[in-house]
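Make the full structure from the sequences, and use the hints.
Sequence lines, in order, name chains F and W. The first sequence lines up with residues 0 to 146 when you count with numbering that gives the first Met the number 0. The second sequence lines up with residues 0 to 395 when you count with numbering that gives the first Met the number 0.
Check each hint, because a few of them may be wrong.
Residues of chain W placed beyond 12 Å of chain F at every Cβ, according to the derived structure [stated by the list, open to error]:
id : residue
1  : Ser6
2  : Ile48
3  : Asp201
Here are some, though not all, of the chain F residues that point toward chain W, as calculated from beta-carbon distances under 7 Å [as the list claims (entries may be wrong)]:
id : residue
4  : Pro10
5  : Trp73
6  : Arg75
7  : His78
8  : Ile119
9  : Thr135
Bear in mind the hints are in silico, worked out from the structure with no lab data behind them. For every residue, glycine included, the Cβ atom is placed at its ideal position computed from N, Cα and C.
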Amino acid sequence: MSDYVLPAGLPAPVPARDGLDRPYWEGTRRHELWVQRCPGCGTWQWGPEWNCHGCRSFAIGWEQVAPEGVLYSWQRPWHPVHGALADAVPYTVVLVELPHAGGIRMVGNLLGDPMQPFAIGDRVEAVFEDHDDSPTPFTLVQWRVVR
Amino acid sequence: MGELEHSLRGRVAVVGVGETTYYKRGQSPDPEFVLVLKAILAACADAGIDPSTIDGFCSYSNDRNTPARLSAALGCEVIRYSNMQWGGGGGGAAAAVQNACAAVLSGSADCVVAYRGLAQGQFGRFGQGARSSTISGAAALTVPYGVMSPAQTYAMRTTRLFHDHGISPDTLKAVSLAAYHHAQNNPRAVMYGRPLTPEAYDASRWITEPFHLYDVCLENDGAAAVIVMSAERARDLSDRPVYVLGAQQGGPRRSGVAGHNQPDYVTSSLKPVVPRLYEQAGVTPADVDVVQSYENFTGAVVMSLIEGGFCTYESANEVLTFDNLIAPSGKLPLNTSGGNLAECYMHGLGLVIEAVRQVRGTSTNQVPGATVSYVNAGPMVEVVSAAIFGSAEVLG
Ligand SMILES: [Zn+2]
Numbered sequence: 000m001s002d003y004v005l006p007a008g009l010p011a012p013v014p015a016r017d018g019l020d021r022p023y024w025e026g027t028r029r030h031e032l033w034v035q036r037c038p039g040c041g042t043w044q045w046g047p048e049w050n051c052h053g054c055r056s057f058a059i060g061w062e063q064v065a066p067e068g069v070l071y072s073w074q075r076p077w078h079p080v081h082g083a084l085a086d087a088v089p090y091t092v093v094l095v096e097l098p099h100a101g102g103i104r105m106v107g108n109l110l111g112d113p114m115q116p117f118a119i120g121d122r123v124e125a126v127f128e129d130h131d132d133s134p135t136p137f138t139l140v141q142w143r144v145v146r
Numbered sequence: 000m001g002e003l004e005h006s007l008r009g010r011v012a013v014v015g016v017g018e019t020t021y022y023k024r025g026q027s028p029d030p031e032f033v034l035v036l037k038a039i040l041a042a043c044a045d046a047g048i049d050p051s052t053i054d055g056f057c058s059y060s061n062d063r064n065t066p067a068r069l070s071a072a073l074g075c076e077v078i079r080y081s082n083m084q085w086g087g088g089g090g091g092a093a094a095a096v097q098n099a100c101a102a103v104l105s106g107s108a109d110c111v112v113a114y115r116g117l118a119q120g121q122f123g124r125f126g127q128g129a130r131s132s133t134i135s136g137a138a139a140l141t142v143p144y145g146v147m148s149p150a151q152t153y154a155m156r157t158t159r160l161f162h163d164h165g166i167s168p169d170t171l172k173a174v175s176l177a178a179y180h181h182a183q184n185n186p187r188a189v190m191y192g193r194p195l196t197p198e199a200y201d202a203s204r205w206i207t208e209p210f211h212l213y214d215v216c217l218e219n220d221g222a223a224a225v226i227v228m229s230a231e232r233a234r235d236l237s238d239r240p241v242y243v244l245g246a247q248q249g250g251p252r253r254s255g256v257a258g259h260n261q262p263d264y265v266t267s268s269l270k271p272v273v274p275r276l277y278e279q280a281g282v283t284p285a286d287v288d289v290v291q292s293y294e295n296f297t298g299a300v301v302m303s304l305i306e307g308g309f310c311t312y313e314s315a316n317e318v319l320t321f322d323n324l325i326a327p328s329g330k331l332p333l334n335t336s337g338g339n340l341a342e343c344y345m346h347g348l349g350l351v352i353e354a355v356r357q358v359r360g361t362s363t364n365q366v367p368g369a370t371v372s373y374v375n376a377g378p379m380v381e382v383v384s385a386a387i388f389g390s391a392e393v394l395g
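Written as structure tokens, this is what we have:
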């Protein structure tokens, strides 16, 4: 029995061979949230891109941000689309906006009872979910409503 | 009249349309390539042309059936145009017709077929999740959180549509019920003879909230084809050709970024497409008699109709009712073949054909006197498309 929101068996995220998203995934292992920010024009950017979509600079950098945000949208899947989810439905998927990082958004799961009351606009905080028992250990960024 | 209005309107016409029998997913007796051949041959027969007349091929969504193989099998002497529209889902259904028109107008080819074939039994399903043990790149931002099917990829836009604009779930239900209603008059429809009641809709299982089962498109096997030629040649073939008034494709700024970070999230992606389409076609939404709006998910249909100018965010709940959406009596007849929800999921090309049929006056849910017919394809994907067809009366 694990403490994971979703059972083990879903595809494990691994940094892409091209290195583009490595600072993000390495950051999650340290329980830190790192996203792209352009040192030239200040544009926040997510997901990772090869250049700044604000000013086209290739010198896009990374910045650590507070692991918190606001619930922007959500869905509750009931139909299991993967074998590992057969006994895990329903579960709640949230889209979290980070107002302190230019309004970038992140997809994750909401911790707790899938039928718990929550609403768009609720404040949420990140919970780093370590999968140390995976053949390729990784850490997911899950979310919890701040009550 | 602006410059755009002279670009396409009335210069190219649909001369033939063809469809195979539409099957439930995995039930086609024919392989996909044979389905596509049969659809193209049916379109040739409809047009009254020899199949070897075809010299151009346009498809979309990485269709597996290449012009080189099709051309050989059709006995064509030459390929003059071979074109693939980028983008996933059915965003390219109207764009394939647009690209075919572009080939004709540019003098690249004379007789161009837009086609799409799907045999998901042969090649695997869309709604299934990732099967690998690891995942990288953009998909790594969603798949580990149980977001992998198309419905899951797009559901949260509809949740936010409800929140931002007060769209009611009943409006999504009306879209679904209208499609099933129309399918009951359409013997081609997979859901012919299988009506849907409001009670059955309400009682249906959630795929992912806010989508019930009946808010989600079917999965089918089959093929469809649309042949275009210059208006002059079309008039040699038929007394009543269906003219292309306009056809456009496009997407909003950064529509293809990862992890649900599109700057404009609650959109069908049609916003930049529609103004140019109407300008090119020389008509307004008020001139449109009947609408085919691609249903991957009902929430996207509502976004498409609003962005297509058929109602506003404020009026959507009042305008998009079952009574208004059904032919022949409704004010805004929608998806009159049953569409992707109840006729067949042919990645939207079936909707294009139904739009043509309405101008011909041969729909199984005919809108009396329809002369201007609108179709949009693939809402919410990165690049979407739309087209408007019209009769000779519209050209004046
Ligand atoms: Zn920049």
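Status of each hint after checking the structure:
Even its closest Cβ contact with chain F, about 31 Å, leaves W/Ser6 beyond 12 Å, as expected for a residue assigned away from the interface. Distance check for W/Ile48 against chain F: the nearest CB is about 44 Å away, which clears 12 Å, and the non-interface claim stands. Residue-level check passed: W/Asp201 sits 15 Å from the nearest beta carbon of chain F, beyond 12 Å. Interface restraint check: F/Pro10 against chain W, minimum CB-CB distance 4 Å, threshold 7 Å, status holds.
Because the beta carbon of F/Trp73 sits about 6 Å from the nearest beta carbon in chain W, less than 7 Å, this interface hint is met. A least Cβ separation of about 4 Å between F/Arg75 and chain W falls short of the 7 Å threshold, and the interface hint therefore holds. Hint status for F/His78: holds, given a least beta-carbon distance of 5 Å to chain W, under 7 Å. Because the smallest distance between the Cβ of F/Ile119 and any Cβ of chain W comes to about 5 Å, under 7 Å, the interface hint for this residue holds.
Because the beta carbon of F/Thr135 sits about 6 Å from the nearest beta carbon in chain W, less than 7 Å, this interface hint is met.
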